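Chemist: Read off the chains here:
2 protein chains.
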Amino acid sequence: MAEERVIKIGMLGLGTVGTGVYKVLKSQQEEMLPKLGARVELKKILVRNVEKAAAKVDDPSIVTMNFEDIANDPEIEIVVEVMGGKQPAMNYILACLDAGKNVVTANKDLVASEGKKILAAAKRNGKDFLYEASVAGGIPIIRPVKQCLAANHITELMGIFNGTTNFILTKMSQEGMEFGDALRLAQDMGYAEADPTADVEGLDAGRKVAILASAAFNSRVTFEDVYTEGITKITATDIQYAKEMGCTIKLLGVAKDTPEGIEARVHPMLIDSNHPLATVNDSYNAVFLTGDAVQDTMFYGRGAGELPTASAVVGDIFDVVRNILWNCCGRIGCTCYRECPIKRVGEIKSKYFVRMQIENRYGTLASVASVFGNNKVSIAQMLQKRVNGKYAEIVVITDEVKERHFEDAMQILGGMSMIQEISSTIRVY
Amino acid sequence: MAEERVIKIGMLGLGTVGTGVYKVLKSQQEEMLPKLGARVELKKILVRNVEKAAAKVDDPSIVTMNFEDIANDPEIEIVVEVMGGKQPAMNYILACLDAGKNVVTANKDLVASEGKKILAAAKRNGKDFLYEASVAGGIPIIRPVKQCLAANHITELMGIFNGTTNFILTKMSQEGMEFGDALRLAQDMGYAEADPTADVEGLDAGRKVAILASAAFNSRVTFEDVYTEGITKITATDIQYAKEMGCTIKLLGVAKDTPEGIEARVHPMLIDSNHPLATVNDSYNAVFLTGDAVQDTMFYGRGAGELPTASAVVGDIFDVVRNILWNCCGRIGCTCYRECPIKRVGEIKSKYFVRMQIENRYGTLASVASVFGNNKVSIAQMLQKRVNGKYAEIVVITDEVKERHFEDAMQILGGMSMIQEISSTIRVY
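Chain order of the listed sequences is A and B.
The numbering of the first sequence is this note's numbering, which starts it at 73 and goes up by one.
The numbering of the second sequence is this note's numbering, which starts it at 73 and goes up by one.
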């Protein structure tokens with residue numbers, strides 16, 4: 073047999089994901105050669121604190137604080153960016169591609185906003201830029217969409233893209249906890265960060281929706297195109313009422329390719345408890361895709377975490393290694409060859425669940441109903457749930473309406489003295 | 073832009089899957105060029121009945137009854153084998169590979185038994201042999217395992233690999249039907265064939281387990297290595313008792329990579345109703361995989377049918393097209409670089425559910441218990457379910473035991489006069 077081929081890689085960052093990548097590469101040390109026909113060697117890791125980092129690796133001489141040690145090393149053929157955040161990650165990635173290196177990343181913030189620009193730089197340089205880990209962590213999804221499902225017109229995707237919020241909603245649903253208590257539990261268990269904004273406001277999920285919608289619809293969708301709404305206003309009461317209606321409340325990312333443009337949004341939603349996504353609990357993620365040939369398909373697993381995310385990153389590294397050996401880097405780059413408009417959120421049609429406290433007297437229900445009617449919102453169901461002294465709690469389920477018409481109705485209802493409070497408005501699948 | 077590159081393909085067969093491939097290629101006609109950088113043209117289709125086939129295609133001149141029209145046409149770079157069965161498919165595929173063509177197939181019978189030989193022929197000729205459609209139809213699974221999850225030691229896979237039997241079990245579970253009635257319904261609805269043996273005896277699922285286990289464990293598993301047991305003996309009573317215990321009965325394919333060798337088997341099994349596979353109903357398939365990095369992951373969708381299967385076949389065709397354009401055919405071939413022994417089924421450990429009718433008198437239970445005990449079968453639970461005159465129905469749940477010890481106990485129990493009938497023995501996950 074010929075001499076063993078060694079492919080050298082550099083890594084930017086040694087946080088949770090970087091440590092995972094380090095561990096997974098180590099655990100695959102024996103398998104790489106027969107699996108790929110080459111061995112992968114981690115030559116340099118860029119870190120902020122050399123002392124702290126040195127303690128995490130077998131050979132402390134591989135850590136450096138100088139990016140140029142990686143960018144200017146001609147032996148390094150693949151750079152793994154796992155530092156996160158937009159800058160300096162963006163500049164580093166572009167510099168590496170321009171230096172003729174292939175790049176693998178787990179950075180959803182960056183790909184969701186700058187994917188087009190980075191993929192163009194990769195193409196210009198004839199290099200790979202792979203980002204499987206940026207959506208749904210360890211779950212294989214980008215490659216399945218770009219390759220296995222390439223023969224489909226994918227019309228819709230829907231998924232649970234954030235494990236923290238799914239954990240919170242699961243606790244609220246299974247144990248009747250309120251949002252604040254469930255969030256504190258998630259923080260105690262290490263699922264939620266001290267500042268949980270990106271998770272609970274749907275921003276993290278929105279980034280993943282943008283990246284996946286771009287791959288699924290072959291048209292660029294950026295994070296800025298995604299409407300996001302979080303779960304902070306969901307109460308245990310909403311979840312209880314949803315259950316009574318045979319539904320579960322999930323924070324869903326939804327994107328559709330419609331003749332009027334692409335819809336992309338993240339918000340809490342009532343879905344039928346028999347839907348496969350309804351049974352995805354705890355911190356698990358899942359993505360449900362519909363294509364004209366494959367029909368419905370779902371991908372389920374760990375959307376975050378050290379080793380699951382590293383599974384996806386190292387899978388990408390192995391793919392680049394194969395491409396290097398076969399001299400076909402850049403084989404699958406940007407697949408956004410369409411240019412579809414983005415539908416404004418007001419034009420999207422949704423069904424709504426509305427819970428409100430209204431004056432408990434003759435004529436109030438009729439007034440509420442007429443506000444809906446005057447704003448082109450058709451009511452599918454109206455239920456009086458309970459009476460609290462002077463006020464009654466009612467739940468209205470609407471038919472499918474344009475969101476702007478619904479907003480108009482809500483604004484008027486919000487200003488009416490007979491309505492004490494609009495407690496919740498949640499979309500229904 | 074340079075002249076449009078056209079890649080010509082030939083197809084062997086125009087049955088259900090072939091017709092689906094024809095339709096999907098047509099529906100992708102506009103998208104191919106921007107997606108792949110080339111157009112795919114179906115130049116010839118090998119059929120048995122030219123008249124019948126001609127009615128299915130726009131241009132009847134593309135159908136032929138002569139294999140040589142495809143094998144000897146130097147313009148044809150990809151051959152799609154969707155005729156099914158072992159011969160002449162095997163000889164045709166080998167002839168095409170030796171003629172320097174890439175091959176895509178949906179043929180599970182062939183890949184499960186002859187995968188190694190065909191992949192060796194592909195390698196010898198530097199060509200692609202892709203078979204994504206041979207496992208779980210439209211569900212992306214072979215490529216995810218070989219690429220996305222390549223950084224894992226996959227330790228276990230478990231799945232619902234056959235839609236017909238899952239439909240039958242779903243009807244038995246949801247509507248209390250007996251096996252025979254559910255099978256007839258499946259036949260009336262076109263889910264089951266007139267001779268349902270391959271489905272209901274677990275052979276079809278066994279072939280898929282062999283193919284997927286080979287990819288997952290990087291060691292060749294053939295259909296002959298897979299223990300198979302069907303669902304014909306499952307009764308509505310078993311399903312009812314399983315439900316009472318919080319379980320669902322599914323026909324599961326299970327494969328494990330253990331230090332003593334690879335286990336591969338298909339049989340009915342009780343699984344916890346909260347397990348993600350328990351909620352996979354009707355004719356859907358799903359595959360659950362466990363890896364050391366990714367942890368648990370599941371893939372769900374349509375495991376059969378014209379268009380879902382064609383989705384996988386055309387996805388493979390598109391991948392070959394990209395490989396042709398990048399001059400890297402053969403990039404990912406056989407990944408079985410390990411040679412693990414296959415564990416004999418008697419050495420596999422399982423828990424069992426046993427339902428039997430025994431004489432309803434003092435001492436019988438003790439005798440039954442001692443037979444189990446004498447054969448190293450430890451009992452986890454023993455329940456008396458009902459009394460029918462002279463006989464009592466009991467259910468025994470065992471702890472994990474070696475299958476051969478369990479078989480020994482069953483043989484002795486079967487010969488005891490105080491036991492009227494051993495009604496069911498079903499494994500428990």
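Certain hints may be false.
The list treats identical chains as one, so a pair stands whether inside a single copy or across any two.
List of simulated lysine-lysine pairs, DSS-like, C-alpha gap at most 30 Å [stated by the list, open to error]:
#	residue 1	residue 2
1	K415	K98
2	K107	K189
3	K423	K107
4	K195	K80
5	K98	K328
6	K328	K462
Just so you know, these hints were derived from the structure itself, not from any lab.
Since this is a predicted model, take the numbers as computed values, not measurements.
Chemist: Hint by hint, work out which the structure violates, then give me just those numbers in ascending order.
Modeler: 3 and 6
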